[in-house]
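Chains A and B, in that order, give the protein sequences. Reading the first sequence from the start, the letters are residues 885 to 1183 in the working numbering. Reading the second sequence from the start, the letters are residues 5 to 227 in the working numbering.
Keep in mind the hints are simulated off the structure, nothing from the lab. Each hint should be verified, as a subset may be incorrect.
What the hints assert, rightly or not - Derived coverage of chain A by chain B (criterion: at least 3 residues anywhere in the stretch with Cβ under 8 Å from a Cβ of chain B; other residues may be distant):
1. 907-914
2. 957-971
3. 997-1006
4. 1070-1082
Stated by the list, open to error - List time: in silico SDA-like cross-link candidates among lysine to any residue, alpha-carbon distance up to 20 Å:
5. A:Lys1123 x A:Ala1013
6. A:Lys1123 x A:Leu1134
7. A:Lys1123 x A:Thr1058
8. A:Lys1123 x A:Met1070
9. B:Lys175 x A:Leu1050
10. B:Lys175 x B:Gly163
11. B:Lys175 x B:Ser106
12. A:Lys1123 x A:Leu891
13. A:Lys1123 x A:Leu1044
14. B:Lys175 x A:Thr969
15. B:Lys175 x B:Gly210
16. A:Lys1123 x A:Gly1065
17. B:Lys175 x A:Arg971
18. B:Lys175 x B:Val156
19. A:Lys1123 x A:Tyr1054
20. A:Lys1123 x A:Val1135
21. B:Lys175 x A:Leu962
22. B:Lys175 x B:Val213
23. B:Lys175 x B:Ser105
24. A:Lys1123 x A:Leu949
25. A:Lys1123 x A:Leu1050
26. B:Lys175 x A:Leu1048
27. B:Lys175 x A:Met1070
28. B:Lys175 x A:Ala890
29. B:Lys175 x A:Arg889
30. A:Lys1123 x A:Leu1027
31. A:Lys1123 x A:Ser996
32. B:Lys175 x A:Arg967
33. B:Lys175 x A:Leu1165
34. A:Lys1123 x A:Thr1170
Backbone N, C-alpha and C define an ideal beta-carbon position, used for all residues, glycine too.
Spelled out, the chains give:
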Amino acid sequence: MDARRALQLGLAGIWLLDGILQYQSFMYTGAFGQMLAGTADGNPAVIARPITWQAGLVEHHLVVLNTIFATIQLLIGLGIAIRPTVRLALAASIAWSLGVWWFGEGMGGVLSGSASPLNGAPGAVIIYALLAVLLWPADRETLAPFPAARAVGAHAAQALWLVLWLSLAYFALTPANRAPGAVSGMIGGMADGQPGWLGSLIRGAASLVTGDDLAVSIVLAVALVVIAAKVYLPIPAAKGTLLLAIVVALVIWVFAEAFGMILAGGATDPNSGPPLVLLALAYWPTRKAGKTAVRETAA
Amino acid sequence: MTPSWLLDLLAAIMLAIAAASVARVVTVPLATIRPWRPVQVAADADVVHALMGIAMAGMFTPSLATLPNAAWEVIFGLAAAWFAGRVWLEVRGDGIRSTLSSRCMLHLIHCAAMLYMFLALSSAAADGSGMAGMNMGGSAMATLHYPTLAGVFTLLLIGYSVWDLDQLSVKRFSLATADGPATGAAASGRDPAAGAFLLAPAMQVGRQVVLGVAMALMLVIMI
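Whenever a hint applies, use it, and build me the whole structure from the sequences.
Given below as structure tokens:
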């Protein structure tokens, strides 16, 4: 199967999971509206006011609106999985992601200073939108060096990669995230309500980094800068940084995001781990790129 | 909690799936049943789909519950063992790589997920929740054992559903039977067009997708 199509199916799976999670019992309680309203905290008034208004609307028409939200996400997932509707579904996913990013995630805390790579910054759903753009079924470059370059071109794709990972490195070092106890507190706070083995794993990780929060933030930021530098590296080194990106995304997903809290109930999405892994795979060099690089080296 | 009208709607869809599966079993000419052929008419899969539809309708809407949980545990335990046997035969014949994408593996996962759900419901009831289906809202949450398994089954079911939808949209699964438009149905005097529609592999896969998504939804509600 074509690599881009496989990645589209991965994105479809994530949307389908999001839709199914949105049908959970928890989402039909007042807690969902309160969760939405909570994302307004710390944001500028121009961002926060619409969030508060929309959260109130959801609380008043909870059953109808939540069912619509869940169904839209389910249809986006199904639409991406069915080839004739993939463009329509990807376009819808971009529009829906932008709406959810603002009204459901408070723009991932980017403007409130609470964003951290450990809590899903810059917002899982905005990474969905980025994936939808990069995996759009068009071919701007016939000999694209990696699947993400096919739709938007290699330069634009590389610029997007650089911006995303450098911004994550920046968020890792903001005052709120490098403060004493910030990292260990964030990780330890995810243990509640998890299955025993996962709770123990998370508590173990939290105690491991306790007292070394600043060092952990610096190491994480350095790793994220190295990943961002992938765009300037030759293919073998670029593959190494992509593997590092996948490992970092998975470590964050397990220890800091607790699989998006899915196993504890009440999760709206699997958080940023899986979409970051998909993104890294979308930048994996194609065989054609490898052959071209070998030819250039030989010449 | 998840609104009861939504669960009732899902129960109705499950019953429709069960009815279509039963119709398919009735329509299949005995001579064409070849359970060892992967994407052909497979009566065992149809029977299991019918049972799953009936069982899940009862889980979504307790008033539609037909058998006690213990009976469903035995049924889906046996079904899982049957498909595990078929998977084992495939592994011996074609190797493990091709088996991962085989229909039998998917049927095995569906049966195992159903078995897990009924075991979870039984243990929740034994723990004092007194539940028989999903309409209790999140009451299963506090007593659900091994939620990690529920998460794993959910991801597997979603993965297979997405894959099947992609394969359906490239018409890997035919909308006509391999042996022509339901020859057996024509011979027996039934409408051959309706028979062909029911017997088409694509219809079976389509039902599998609906069951997979519904099962994933049920598992997520149980978490």
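Structure-based check of all given hints:
Remark: the segment 907-914 of chain A is confirmed as covered by chain B, as 6 of its residues place a Cβ nearer than 8 Å to a Cβ of that chain, reaching the required three. Check result for the segment 957-971 of chain A against chain B: holds, 7 residues qualifying (beta carbon to beta carbon below 8 Å, three or more required). Beta-carbon proximity to chain B at under 8 Å applies to 0 residues in the segment 997-1006 of chain A; the threshold of 3 is not reached and the given coverage is violated. Three residues within the 8 Å Cβ limit are the bar, and the segment 1070-1082 of chain A against chain B gives 3, so the coverage statement holds.
As the CA atoms of Lys1123 (chain A) and Ala1013 (chain A) are separated by approximately 24 Å, the hinted pair breaks the 20 Å bound. Distance check on the hinted pair: Lys1123 (chain A) and Leu1134 (chain A) sit about 17 Å apart at the alpha-carbon level, within 20 Å; holds. With a C-alpha separation of about 29 Å, the suggested pair Lys1123 (chain A) and Thr1058 (chain A) falls outside the 20 Å cut-off, and the hint is violated. Restraint check for Lys1123 (chain A) and Met1070 (chain A): the C-alpha separation of about 30 Å exceeds 20 Å, so the hint is violated.
At most 20 Å may separate the alpha-carbon atoms for a hinted pair to count; Lys175 (chain B) and Leu1050 (chain A) exceed this at roughly 43 Å. Proposed proximity of Lys175 (chain B) and Gly163 (chain B) is supported: the alpha carbons are some 19 Å apart, at most 20 Å. A hinted pair counts as satisfied when its Cα atoms are at most 20 Å apart, and Lys175 (chain B) with Ser106 (chain B) qualifies at roughly 17 Å. A distance of roughly 17 Å separates the Cα atoms of Lys1123 (chain A) and Leu891 (chain A); the hinted pair therefore holds under the 20 Å criterion.
As the CA atoms of Lys1123 (chain A) and Leu1044 (chain A) are separated by approximately 18 Å, the hinted pair is consistent with the 20 Å bound. For a cut-off of 20 Å, the pair hint linking Lys175 (chain B) to Thr969 (chain A) stands: about 14 Å separates their Cα positions. A hinted pair counts as satisfied when its Cα atoms are at most 20 Å apart, and Lys175 (chain B) with Gly210 (chain B) qualifies at roughly 12 Å. The hinted pair formed by Lys1123 (chain A) and Gly1065 (chain A) fails the criterion: a straight-line CA distance of about 34 Å is larger than 20 Å.
With a C-alpha separation of about 19 Å, the suggested pair Lys175 (chain B) and Arg971 (chain A) falls inside the 20 Å cut-off, and the hint holds. Pair hint Lys175 (chain B) plus Val156 (chain B) does not hold up; C-alpha atoms about 29 Å apart against a cutoff of 20 Å. A hinted pair counts as satisfied when its Cα atoms are at most 20 Å apart, and Lys1123 (chain A) with Tyr1054 (chain A) does not qualify at roughly 23 Å. Between Lys1123 (chain A) and Val1135 (chain A) the CA atoms are separated by roughly 18 Å; this keeps the pair inside 20 Å, and the hint holds.
About 16 Å separates the Cα atoms of Lys175 (chain B) and Leu962 (chain A), which keeps this hinted pair within 20 Å; it holds. Restraint check for Lys175 (chain B) and Val213 (chain B): satisfied, since their Cα atoms lie roughly 15 Å apart, inside the 20 Å limit. Our distance criterion of 20 Å between C-alpha atoms is met by Lys175 (chain B) and Ser105 (chain B), whose separation comes to about 16 Å. Taking the CA atoms of Lys1123 (chain A) and Leu949 (chain A), the gap is near 43 Å; set against the 20 Å cutoff, the hint is violated.
Taking the CA atoms of Lys1123 (chain A) and Leu1050 (chain A), the gap is near 18 Å; set against the 20 Å cutoff, the hint holds. At roughly 38 Å between alpha-carbon atoms, Lys175 (chain B) and Leu1048 (chain A) are farther apart than 20 Å, so this suggested pair is violated. At roughly 48 Å between alpha-carbon atoms, Lys175 (chain B) and Met1070 (chain A) are farther apart than 20 Å, so this suggested pair is violated. Using a Cα cut-off of 20 Å, the hinted pair Lys175 (chain B) and Ala890 (chain A) holds, with the two alpha carbons roughly 17 Å apart.
A threshold of 20 Å between alpha carbons decides the hint, and for Lys175 (chain B) with Arg889 (chain A) the separation of about 16 Å falls inside it, so the pair holds. For the suggested pair Lys1123 (chain A) and Leu1027 (chain A), the alpha carbons sit about 18 Å apart, so the restraint of at most 20 Å is met. Proximity of Lys1123 (chain A) to Ser996 (chain A) is assessed by CA-CA distance (about 34 Å); at most 20 Å being required, the pair is judged violated. A threshold of 20 Å between alpha carbons decides the hint, and for Lys175 (chain B) with Arg967 (chain A) the separation of about 10 Å falls inside it, so the pair holds.
Between Lys175 (chain B) and Leu1165 (chain A) the alpha-carbon distance is near 27 Å, which puts this suggested pair outside the 20 Å criterion. As the CA atoms of Lys1123 (chain A) and Thr1170 (chain A) are separated by approximately 11 Å, the hinted pair is consistent with the 20 Å bound.
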